[in-house]
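Novice: Please take these sequences and the hints and turn them into a complete structure.
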Amino acid sequence: MAAFRSFLRNFVNWLYFFTNVYFGVTTMEMPEPDARILARKDRIVARLRSVLPPETVISELSETRAYECDALTAYRCPPLAVVLPTTTQEVSDVLRICHAEGVPVVPRGAGTSLAGGAMPTADAIILGVARMNEVLETDYDNRFIRVQTGRTNLSVTGAVEEEGFFYAPDPSSQLACAIAGNIAMNSGGAHCLKYGVTTNNLMGVTMVMMDGEVVEIGGAHLDAGGLDLLGVICGSEGQLGVVTEATLRILRKPEGARPVLIGFDRNEVAGACVSDIIKAGILPVAIEFMDRPCIRATEAFSGAGYPDCEALLIVEVEGSDAEIDAQLSRIVNIARLHNPVELRESGSAEESAKIWLGRKSAFGAMGQINDYMCLDGTIPVSELPHVLRRIGEMSQKYGLGVGNVFHAGDGNMHPLILFDANKPGDLEKCEAFGADILRLCVEVGGCLTGEHGVGIEKRDLMVDQYGADDLDIQMAVKDVFDPKWLLNPAKVFPLASSASRRAVSR
Amino acid sequence: MLIPKTESELAQIIADAEGPLSIQGGGTRGMQCAGSVLNTRGLSGVSIYEPGALTLVAQAGTPLAEIEAMLAAEGQRLAFEPMDHSGLLNTTGTPTIGGVVAGNISGPRRISVGACRDFCLGVRFVDGTGRVLKNGGRVMKNVTGYDLVKLMSGSWGTLGVLSEVSLKVLPAPEKSGMVVIHGLTDAGAVQAMSRALGTPYEVTGAAHAPQGSDGQPITMLRIEGFEESVTYRAKALQKVLSEFGESSVELDQDRIASQWRWVRDAKAFHDHDGHVWRISVKPSDAPRLVRSLDAKAVLYDWGGGLIWALTAVDVDVRASLEKDRGGHATLVRGEGFARFHPEIPPIAKVSRGIRAKFDPRGILNAGMMEA
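Residue numbers (my numbering), protein chains in the order written: chain A, 18 to 523; chain B, 16 to 386.
Hints are computed from structural coordinates only; laboratory data are not their basis.
Some hints here could point you the wrong way.
As the list claims (entries may be wrong) - Label pairs and their computed distance ranges (CB to CB):
(1) Val349/A x His287/B: 51 to 61 Å
(2) Asn350/A x Ala187/B: 12 to 22 Å
(3) Lys20/B x Glu460/A: 22 to 32 Å
(4) Glu261/B x Gly381/A: 52 to 62 Å
(5) Gly260/B x Val152/A: 33 to 43 Å
(6) Gly273/A x Ala80/B: 37 to 47 Å
(7) Asp309/B x Ala63/A: 50 to 60 Å
The C-beta atom is built at its ideal place from N, Cα and C for all residues, glycine as well.
Specialist: Here you go:
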């Protein structure tokens, strides 16, 4: 009876897999699942159940389907099984078993990756750390917090804000996204011009290597005594180890923060204004840029009272009230030299909220119009006008609308391409358009991804940014940490580039 | 001495090398290894500097002073405040930007803005087989593939020879100010510095010398920004620190600059014999560690998180660093102990593995980082 159930389950898995492949749910190429692993599913699940509480091992298709994708929902595949450990020791036990069985492991935080960083394959175990969300230590004298990595980004700040502290990296998914994923993707946010991204705020990790060994790297002290392994682990997309605990730098909250909103009739002028603000020695905590399609969409959606203009800047500064007034007046004086069509300085929390309202609802507003794909390339700030012009031309060529939100201080663009998921061929067209935009980012001296990560989404574009040797040396680092290439194996590197290495595990 | 003029010459030299190479920029940081000296000073020049984008790209052998002058002309700077080792190590030479990046050389401002590695946006380098490789780029936010830029920074030439670096730069502040407290005990000083660093006033330097230039304890807290801000924040900080005793505010720009160079370059130890150690610990652990060190003199930077210690040549400060408390010690001046802190076995294995991938023949600064 058990054998029959197992047969049936495998049959359903296979059926699901082929349906996806042949009927176009998945257009992204993924490695074919290892039939020998699928055939051993019962044994593997039984071994996992022997080291974990039974309810934390999920193997029924009806339940594993909840883990078939992350926030890149266009691609789906239920994993072999899902484990939800609650301690570092359990993570170690799981990895030891998977290592012995040769089973690929896809680490998962909250599953909010826009790049498919937590997308499973049918022969992989999803190792979700979402139940590991404890605060382990807060130390205000030494200004750090140690947490289990399943904790959400915002709740890290939540744990220290009563004492007036905060954790600086603030990805826009911060309500949901986990520190584990933040570390894997080296997540940024709107305020990183001043505070840096995850890697600049990560002091140490407890990491489980693929063979089950637990290591501590970094901690409450600064910098590495030897090679900066912490620096390479952060942003390695879960391919080098599973980070279960993290020591994070916390900062005292500024006394206050207020933005100014500035509208321009040309993108070039807005770009020049950003450059002049920075050249004047002012380092705002955020400089956000929106183009006309985005301004119109958000205005229709949120009624934030934005002017109908070509380009909008929101520049925020921090400090005491008097310091904010002084900085804003410097910024306003610079902006005036560029003949803005609108200049609105916030004088209160309500006015600040109103200025931010449209920007914060930009993604939702675009989503009201249609399905959208959010890109994440970075460009040298000076290339902004050129890049926006080229994106406009491509938009005409592809016949798809696009709105641009942009962290202008650091060059991180978020073009939102509109498409209709129900219209055959539209997703493919949108992806081709997106790939062209990212190639353009590389062409002007930028990169494919500023804060979302490569995942599966941009995997095949890596050859546009890096030469074969550049990719080889990155993969050589994975060889050292994970010689059998079992951790998140089909991500980051083009499948053709990693094929010979992935074959080792077979 | 091998002095390549181009990146491809550099690659050729490494590919053709038949024995170990000692990688050198300005040669000021006391890192001589066995083998032929390979000097990068022939790779010099700034190729891109965009003040409005806060980015700079330079060849690795570009003199640090040239870059600092170029930045100063636009009111900008390298915010991580790299130290000058020449006084401490009695070396001569012209520090290069490649040496700064290879050593992850960071000064007092590291406590507030981050280390050199946090300002490195991209590198080009030649690995131990002669391959020219690149990682990162010249934009501030970049998560495309693994971050080997951080790995290269602080690898002291053991993974590859840098040919080009791109850096994030920052505006130089209009004014500096310094709150000074005299006469604190080490423990009191670390508490005061923690208190200051936990305020919203953006303290950019927090150092304590148990023996300042007049032989008495001095605790220094630096604030930088627009003039009105510095005045306001210095006052606010004095108020927060009132329980630690009387404080004064220094606003003389030259005196402030020279005082922080004194801290940055560990000048108190320049004319004294003995080993010099640089110890990174959790700040609140520092005073107790110092008591157990048997040091001739110490200086606390980074709010206590960095201890400079001058010791007799037979003192092993690592024996005092309790294993379960974390931290590490580098022997900056002296011999007889490993220069870098020995790694725990699983980490040492990873580091060895990475070195073997980047430099399979083990010819680049051979043995330098190994215990």
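Novice: Going back to the hint list, which numbers does this structure go against?
Specialist: Violated: none.
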